[in-house]
Amino acid sequence: MRFSLLDLLIAIALFAVSGIVMYPLAQALNLPFPGSVGFMLGALLGAALWLLLAPPIYWLLRLPPLVLPVCPRCHKRPNRYTITDHQWPRTIAMCDVCGQGVELWWRQPKSTQSPSTLPILVLRWPYSLGRWSPIADEPAA
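The sequence shown begins at 141 in our numbering and counts up by one.
I should point out that these hints are in silico values taken from the structure, not numbers from a laboratory.
Yeah, the Cβ is synthetic: ideal placement off N, Cα and C, and Gly gets one too.
Honestly, I wouldn't trust all of these hints.
Derived DEER-like restraints, expressed as beta-carbon distance ranges [what the hints assert, rightly or not]:
1. T224 <-> R202: 13 to 23 Å
2. A156 <-> K216: 16 to 26 Å
3. A187 <-> T222: 32 to 42 Å
4. V207 <-> I152: 14 to 24 Å
5. V161 <-> C214: 18 to 28 Å
6. P274 <-> Q167: 44 to 54 Å
7. D225 <-> K250: 15 to 25 Å
8. I275 <-> A153: 25 to 35 Å
9. T257 <-> I223: 35 to 45 Å
10. L191 <-> R220: 42 to 52 Å
11. L193 <-> Q248: 19 to 29 Å
Once the Cα atoms are required to be at most 20 Å apart in a straight line, the calculated SDA-like pairs of lysine to any residue come out as [what the hints assert, rightly or not]:
12. K216 <-> F155
13. K250 <-> P218
14. K216 <-> I275
Kindly produce the complete structure, drawing on both the sequences and the hints.
Take a look at the structure:
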């Protein structure tokens, strides 16, 4: 899992917005704020805001997702990938466990864009978490 200062700042900002929104909402609903009910509702609102607003922020800033994909060849999750080629929205990376290559796409490639012989994984929503789906099986040897 990748977690940087920028990821932390995005999460803090979204949870701060939830606190700013929750305070007048708790007063309008006559809830005790700060209190256990108000705190729980604020935390739920913060999580909802993160799920809804973090993916477009990550997409616009072209940030890598928090979770790296499982290698489609060795079926293990490496601690890191070695990037050998990066041209947005495609990255070619080498698995640090088995040393084999994988093609990572940040959006669904057009059929003319990916004539690769490497296994291809595409990033799915929510982009900030790192849900990866294979779109091409491993080529026959």
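Do the hints match the structure? See the list:
The hinted range of 13 to 23 Å is satisfied by T224 and R202, whose Cβ atoms lie roughly 18 Å apart. Against the hinted window of 16 to 26 Å, the Cβ-Cβ separation of A156 and K216 comes to about 37 Å, which falls outside the hint. For A187 and T222, the hinted distance range of 32 to 42 Å is satisfied, since their beta carbons lie about 33 Å from each other. Range check, V207 to I152: Cβ separation about 20 Å, and the 14 to 24 Å hint holds.
The beta-carbon spacing between V161 and C214, approximately 45 Å, falls outside the hinted interval of 18 to 28 Å. Between P274 and Q167 the beta carbons are some 49 Å apart, a value that agrees with the proposed interval 44 to 54 Å. Look at D225 against K250: about 18 Å separates their beta carbons, and that is inside 15 to 25 Å. Against the hinted window of 25 to 35 Å, the Cβ-Cβ separation of I275 and A153 comes to about 33 Å, which satisfies the hint.
The hinted range of 35 to 45 Å is not satisfied by T257 and I223, whose Cβ atoms lie roughly 18 Å apart. The given range of 42 to 52 Å is broken by L191 and R220, whose C-beta atoms sit roughly 26 Å from each other. The given range of 19 to 29 Å is respected by L193 and Q248, whose C-beta atoms sit roughly 22 Å from each other. Proximity of K216 to F155 is assessed by CA-CA distance (about 33 Å); at most 20 Å being required, the pair is judged violated.
A C-alpha spacing of about 28 Å is found between K250 and P218, which places the hinted pair above 20 Å, so the restraint is violated. Taking the CA atoms of K216 and I275, the gap is about 18 Å. The hint holds against a cut of 20 Å.
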